[in-house]
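Start counting the sequence shown at 1; every next residue gets the next number (the UniProt record's numbering).
No wet-lab data here; the hints were simulated from the structure.
Glycine included, C-beta positions come from ideal geometry on N, C-alpha and C.
None of the hints are false.
Derived DEER-like restraints, expressed as beta-carbon distance ranges:
(1) G68 / M1: 35 to 43 angstroms
(2) G102 / E69: 17 to 25 angstroms
(3) E23 / R62: 21 to 29 angstroms
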Amino acid sequence: MQIIEGAGRWTPPPAGTANDWVEHLKTPDLSVGTYCIPAGGVDDQSPHTEDEVYVVTAGRARIVTPDGEAAVGPGAVIFVAAGEEHRFVDVTEDLALLVFFGPAYGSRGGVAG
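All chains should be modelled from the sequences, with the hints used to inform the complete structure.
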C-alpha cells in the first residue's frame with residue numbers, strides 16, 4: 001500500500017511554464033499524476049500512447065476531442081483513449097486534474113503520432 005499525498009491538489013505552475021505536471025506514482029502498468037492549468041491558461045499537451053483517465057478535482061474548463069466537447073468541473077471523470085487528440089480549453093477557474101495512465105505514462109514511447 002502507498003498513500004499518495006497531494007495527488008490532485010492544485011499547484012501553480014513553476015515560473016516560466018504554462019502548466020504543471022507532477023507524476024506521483026509509476027509502476028509498469030499504471031501511473032498517477034496531477035496536471036494543473038491556471039485560469040486563462042492554454043493546454044499544450046499532445047496525444048499520449050497510453051489510455052488515460054482524468055478526474056477533475058478543482059476548477060472549470062471544457063474538454064475538446066475530434067468527437068465533441070463537454071464542460072467539466074469538480075467530480076467529472078473523463079476517459080481518453082490512447083492516441084486520441086484532446087485539449088482542455090476555456091479554463092475559467094484554476095484546473096487541477098488527477099490523471100491515471102494505463103500502462104504507465106511514457107511506457108509505450110511517450111507521445112502518439
